[in-house]
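The listed protein sequences derive, respectively, from chains C and P.
When you line the first sequence up against my numbering, it's residues 1 to 178, in that order.
When you line the second sequence up against my numbering, it's residues 1001 to 1380, in that order.
Any given hint could turn out to be false.
[What the hints assert, rightly or not] Here are the simulated EDC-like cross-link-like pairs (lysine to aspartate or glutamate), alpha carbons at most 20 angstroms apart as the crow flies:
hint, chain 1, residue 1, chain 2, residue 2
1, C, K156, P, D1296
2, C, K160, P, D1059
3, P, K1378, P, E1352
4, P, K1232, P, E1298
5, C, K160, P, D1334
6, P, K1305, P, E1230
7, P, K1305, P, D1334
8, P, K1378, P, D1334
9, C, K156, P, E1373
10, P, K1305, P, E1320
11, P, K1305, P, E1373
[Stated by the list, open to error] A partial selection of chain P residues facing chain C, derived with a Cβ cut-off under 10 angstroms:
hint, residue
12, S1011
13, E1012
14, V1045
15, A1046
16, V1051
17, K1053
18, L1273
19, I1367
These are computed hints drawn from the structure, not numbers from a lab.
What you are looking at is a predicted structure, and each value in this text was computed from that prediction instead of being measured.
Backbone N, C-alpha and C define an ideal beta-carbon position, used for all residues, glycine too.
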Amino acid sequence: MSDTNSKTRLADWFRQWYSPLRKFLAGRSAVPAADIEDVAQEVFLRLMRYESSELIEHPQAYLYKVASNVAAEWSMRFRNSRPHESKWLVELLAADHPERDYVRGAAAEEVRRAIEGLPERSREVLRLQYAEGLGSVEIAERVGSTQRSVRRILTKSYAKLRHELDEDLLAVMTDGRE
Amino acid sequence: MDANERRLRASEEAAAWFVLLRSDALTPEDRAEFVRWLRESAVHVAEILRVTKVHNALDVFEGWDLISRGEIAAPDNVVSLARASDSADARPGEIGSGDRRSGLQQANTNLHKRLRIFAIAASFVGVLLTAMFLVASSVGQVIRTERGERREVALADGSLLELAPESRVRVRFEPYARYVSLEQGRAVFRVAKNPTRPFSVLAQGTTIRAVGTAFGVERGETGVRVTVSEGKVAVIGPKPSEAGAADAGASEAGRVASLIPAPSRDSLGDSRLFLKAGEQVVVPASGIAEPVRAVDSERELAWAKGRLVFDNESIARAAELFNRYNQVQIRITDVQLAQRPVSGVFDAADPESFIAFIQTGARVRVIRSGSTEITVSKLD
């Protein structure tokens, strides 16, 4: 087995996935919660214009690139047409830096509370992934479990957090940090 | 199934897809299945975007130390965790359809094989990758110096950073870009060559981009001073507005390709100027750069080596610079003396040599109080 090959695959993985992901919804292209349905609708329609075979090569890259384009168009339109409704965004816009930090701190506190609401194992798996930067192989090793189990736990955690966390708050967390 | 149930199921599927897509265990069949799933409904698209937002929030979340931890390592827990997985694990496509077992098991065997390869590869590039993850997953690593402190730091990519006293940088490395914000003071960068991973320094709205080169960046009241001692850099002045959405109109397909090798290209504007070795420019906040000057870069960047070079600098300003490099603080109490010009090269760590120099040119009284203060005043 060639080490170079594996490295290339790893690099490919990053290319397909990492940059578009970081770009998506980070900071200025963040879209208020009310609009994510509309954005998704538009992304959906654009995805339909591609041949399936085309998308299958790099589905994540397409998804996030299309989404960040749509989001950027949306937020431009948004800025020009109507005021932000969410209290998070209002506070954020009104704020100069210390207050912005405060709002961000409050958002972080919400995230902390939501994480605390997860089962102990889930908290540990998330901590290993996000705080220690481990991949699922190492996480499985650390918690003495299988990778499937780690993936299962991650899935459940994401699904739970998605329903517990306010979307505008998530936007505040990631604002300006692309 | 009502709308709410459908939504719940969609978000669970989206979460499962998100995890699988990130796991490096993705087969071509999975990708095809993912595309099929995406194109099934706009709700699916919305849910995967939402899960992505959750991920992004966790990615920037910094309070992991505050999260309570139980007795995770206890043997009982480990066993039950492993057991729980055997009965509860599912791939995204599996939810709500149990008729694809054998194919999935096959896929899992392959998956394990490939994961072993991945693990070996990961150990080869482990150090690099860990550094990348650690830095990229936070807002960046902060390196700072106090008064009287100079630091030379090797960054994860092999670049060298020489930080002057009372300076602060924030280092953020991403897979396809390296960013350093100069938040205070000044620094010299010796950039490790990597054409696929441009190195950018950001200071007061100005961006300095290099591939492999050495240059100094100084923040100051008049603007950002950039001095190049090796190679070539691009200096991009501050823009009135960050036009991140400027390219939103064109077709996505073309840009999926172009985005990937150069994620930072969108920040390149027309206000770019190239600087080569032995050149210096000052970019004020207005963004309109002063003319490029030819300079002796070694002399201009001598501060990074702990030397202070004065060229008709006022004694007051020179003393101020010495004070940054030293615990011993010089005070010049005489206004006329403070305004007198001084030229020469000094060892920044040796303020006494500067005092001696002043004494040769003017009749002054030097009072040393304790070990940390030198007051220079007029001789009555």
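Structure-based check of each hint:
no., hint, result
1, K156(C) to D1296(P), "violated (61 angstroms)"
2, K160(C) to D1059(P), "holds (16 angstroms)"
3, K1378(P) to E1352(P), "holds (18 angstroms)"
4, K1232(P) to E1298(P), "holds (15 angstroms)"
5, K160(C) to D1334(P), "violated (69 angstroms)"
6, K1305(P) to E1230(P), "holds (16 angstroms)"
7, K1305(P) to D1334(P), "violated (30 angstroms)"
8, K1378(P) to D1334(P), "holds (6 angstroms)"
9, K156(C) to E1373(P), "violated (63 angstroms)"
10, K1305(P) to E1320(P), "holds (18 angstroms)"
11, K1305(P) to E1373(P), "violated (24 angstroms)"
12, S1011, "holds (5 angstroms)"
13, E1012, "holds (5 angstroms)"
14, V1045, "holds (4 angstroms)"
15, A1046, "holds (3 angstroms)"
16, V1051, "holds (5 angstroms)"
17, K1053, "holds (5 angstroms)"
18, L1273, "violated (25 angstroms)"
19, I1367, "violated (41 angstroms)"
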